[in-house]
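One line per chain: the protein sequences are A and B, in this order.
Per the working numbering, the very first residue in the first sequence carries number 1; after that it's consecutive.
Per the working numbering, the very first residue in the second sequence carries number 1; after that it's consecutive.
All clues stand as given, with none of them false.
Pairs of lysine to any residue, SDA-like flavour, derived with a Cα cap of 20 Å:
no.: 1; chain 1: B; residue 1: Lys26; chain 2: A; residue 2: Asp116
no.: 2; chain 1: A; residue 1: Lys52; chain 2: A; residue 2: Arg21
no.: 3; chain 1: A; residue 1: Lys6; chain 2: B; residue 2: Ala58
no.: 4; chain 1: A; residue 1: Lys154; chain 2: B; residue 2: Gln17
no.: 5; chain 1: A; residue 1: Lys353; chain 2: A; residue 2: Gly328
no.: 6; chain 1: A; residue 1: Lys6; chain 2: B; residue 2: Glu75
no.: 7; chain 1: A; residue 1: Lys353; chain 2: B; residue 2: Leu3
no.: 8; chain 1: B; residue 1: Lys26; chain 2: A; residue 2: Tyr112
no.: 9; chain 1: A; residue 1: Lys154; chain 2: B; residue 2: Gln15
no.: 10; chain 1: A; residue 1: Lys6; chain 2: B; residue 2: Gln57
no.: 11; chain 1: B; residue 1: Lys26; chain 2: A; residue 2: Arg119
Only some residues are given here: those of chain A computed to face chain B with a beta carbon under 10 Å:
no.: 12; residue: Met36
no.: 13; residue: Ala114
no.: 14; residue: Thr139
no.: 15; residue: Gly189
no.: 16; residue: His190
no.: 17; residue: Val246
no.: 18; residue: Thr248
no.: 19; residue: Leu258
no.: 20; residue: Glu345
Worth flagging that the hints you see were computed from the coordinates, not collected in a lab.
No residue lacks a Cβ here, since even glycine has one placed at the ideal position from N, Cα and C.
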Amino acid sequence: MRLAEKIPLWLDLIAAVAERRDDTVRLMEVCGTHTMSIFRSGIPSLLPDNLKLLSGPGCPVCVTSQGDIDRILAVAQLPVVTCSYGDMLRVPGQDGSLESARAKGSDVCVVYSALDSVRMAQAQPTREFVFAAVGFETTAPATAAAVLEARRLKLRNWSVMCSHKRVVPALHALFAADTTRIDGILLPGHVSVILGSNVYRALPSLYDFPMVIAGFEDWQIVEAVARLMELAAGRQMVLENMYPEVVTPEGSIHAQQLLRVVFQLGDAEWRGLGNIPDSGLILAPAFDDFDAGRRYGVRPIEGREHPACRCGEIITGLVQPSDCKLFGTACTPVHPLGPCMVSSEGTCQAWFKYHRHEVAKREAAKL
Amino acid sequence: MCLAVPARLIEVDAQLQGFVDAHSNKLPVNCVMVPDAVPGDWLLIHAGFAIHRLSEQAVRKTWDLLEDLERRVEEDSHAIG
Numbered sequence: 001m002r003l004a005e006k007i008p009l010w011l012d013l014i015a016a017v018a019e020r021r022d023d024t025v026r027l028m029e030v031c032g033t034h035t036m037s038i039f040r041s042g043i044p045s046l047l048p049d050n051l052k053l054l055s056g057p058g059c060p061v062c063v064t065s066q067g068d069i070d071r072i073l074a075v076a077q078l079p080v081v082t083c084s085y086g087d088m089l090r091v092p093g094q095d096g097s098l099e100s101a102r103a104k105g106s107d108v109c110v111v112y113s114a115l116d117s118v119r120m121a122q123a124q125p126t127r128e129f130v131f132a133a134v135g136f137e138t139t140a141p142a143t144a145a146a147v148l149e150a151r152r153l154k155l156r157n158w159s160v161m162c163s164h165k166r167v168v169p170a171l172h173a174l175f176a177a178d179t180t181r182i183d184g185i186l187l188p189g190h191v192s193v194i195l196g197s198n199v200y201r202a203l204p205s206l207y208d209f210p211m212v213i214a215g216f217e218d219w220q221i222v223e224a225v226a227r228l229m230e231l232a233a234g235r236q237m238v239l240e241n242m243y244p245e246v247v248t249p250e251g252s253i254h255a256q257q258l259l260r261v262v263f264q265l266g267d268a269e270w271r272g273l274g275n276i277p278d279s280g281l282i283l284a285p286a287f288d289d290f291d292a293g294r295r296y297g298v299r300p301i302e303g304r305e306h307p308a309c310r311c312g313e314i315i316t317g318l319v320q321p322s323d324c325k326l327f328g329t330a331c332t333p334v335h336p337l338g339p340c341m342v343s344s345e346g347t348c349q350a351w352f353k354y355h356r357h358e359v360a361k362r363e364a365a366k367l
Numbered sequence: 001m002c003l004a005v006p007a008r009l010i011e012v013d014a015q016l017q018g019f020v021d022a023h024s025n026k027l028p029v030n031c032v033m034v035p036d037a038v039p040g041d042w043l044l045i046h047a048g049f050a051i052h053r054l055s056e057q058a059v060r061k062t063w064d065l066l067e068d069l070e071r072r073v074e075e076d077s078h079a080i081g
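Looking at chain B on its own, in the form it has when it is part of the complex (with noise of 0.2 Å):
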């Protein structure tokens, strides 16, 4: 149930409610809990709220370890086929 994901900001209104892009997927996104997000932010999102702001840095974890999988995968495919 804690499950988070993370998704970049693509807008934010004056009341805090926006979209998110969660890979190529727009959902809405209520910032109250990260007030100073803007658009182009990495954002934790839980529930429909984001909780959290992530740094570049993280981001760059997160991809290192998706890019690995994606490349593993393919090594795999090859593997096989």
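So here's chain A without its partners, still in its complex pose (with noise of 0.2 Å):
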């Protein structure tokens, strides 16, 4: 049998659990990319009713703080190029953003890999270039070995506005605080790769509900999900990894050996989170000399998010983005007001692209 046929079987398994249950089941992922492959592929309207898979801090564009994202935009305004996954590009501060910030004349550059923006720099060495880096331990070495670089390089004019954070911290913060329901976690696949599912080893029995690590495809978080559900069930708060084949207990020696060379830990914003002591990465002394904020003095900035914005609760599943007042009718995928709908990997983005005439058709059902 294909692995796509399976999925009406454990479809079956999970309905068969679900009805087992006078309660509703909370399963959560932390994974953007996860995110989009669940609304995307329809999986939440193939669900029981009682059911319900929420979006935990998994986007790193979402879960990047307000004052992270104003450091960003104040180094636009200066005479320097700043380049910048195309993610961060539409993601609103204070006073506009990158691509508001080019459209009034400043050098913003969208690249695919942070060694592209040491590339440009050695190319043009009249010029100073920034590389705004943000995401979690996926992204992270691919900074640290365009540090690495720009070092072999003798670059004078390239250096980085450092947000990357770690997603062990925010997963404690996140079930430390218990403020929302959980019975079942799905991990991230290629955080994973990097870390190795090691790391997550003893969440599960510390916080009292099963985790799965998954793939990106439709047929494998079907899978996790009905795993998810016959755990939970069993009442075996265990760690499974479901995505063997690129995700080793390990993880990736060479990538960890490039974070610990150059970053070293340090408190971070999160949106929705707060402040997490050691979540975030930051440059380690032997490479201050390519730390934007010191090269040019942009000092931490205190954000204002948007007052009716609810992405710090819909990041942290306490709320869903139907509970938002501004969701679809002021901020919507062209004019966004929060991050998780400017993100291709937001909660928000991905409910307003595939999900919300399920929800309006639900409610409508309900009057």
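Put the two chains together into one complex; each comes in its own frame, and the hints tell you how they fit.
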């Protein structure tokens, strides 16, 4: 039997387990790519009514604090070329976005890889380049490699504005706060390629729910949800790796070595979760010369979010996009007011693109 | 942002810079995280970096899925036609 043909069997299993429960089962994924895959493939519409899939703090753009976004925007006002992954371009700060800064004359450049910004700096030695580095441990080793390459090339015109974050401290903060009831966790696949499955080993028994590392195809997600339902029903608080073809227990030794050499741990501000000790990756003192904040004197900024935006509550599973009065009205992918609507992996954008009609239908059926 | 796609390594130099074939697109890749990769290997690519070497088994699983999708699309188009 082909893998995709097993989906109906797993859905039957999910339905059977859900039917035996008289409460609502709440499973959370903590990966933007999972969020998008779930909604794009229409998985929520195939699940029983008493099973909710929540999106946690898994989209790096969405968890980046307003202050960090405003610091990147402050750099973009300087006579530098600000290089960024495309995901960050439209994220609104206190005064516009990188996209609107570019429209007003700032030099903003989208790059595919951190190394592209290094190569641009090498090719144009009279111009200053700043790479806006956001992302979890999947992306951080690429930034580390770019820093090492810039040092090898003795570049004086390249630096990095670093807002990298670590997944595991955020999971601890979210679970320990205990503000959202969770029955199981779908762990991210590609962060786990770097970190290895062992970093999650202690979590299930500590917080009393099962966890499964899953791939990104629709069948992999449905299979993982079915397994989580089984484990939760059997009160088996364990970690299972259902993406073993790429996730090993130890992870990538070479990537972890890059992180250890270039970064040190520091406190970081997260949207929705506040300040989490040791959850940030900041440049080690040996690389101070490449710290854009230090080079250009950009101090920490206390960012102000849109007063009605509920992104912080959405990425901690407290509310769903449809609970936000801005969703789909004042806040849309064309005119986003919060990062969850901007990012292609944001929960609000996923809901808007693939799920809002389903929600409207269900709401209408209740009336 | 953590999106990664499989691609086959075409060539790699001593500085671990190389090129991959990603669905017939030739893309530059840095292999610092998989320094033992050799041409012909299947790699998982994220933001211009190879982050993992895929086993033959993983690649077969992916191809199985892609072939399955292709077959379904063909069936659908026949049904519509």
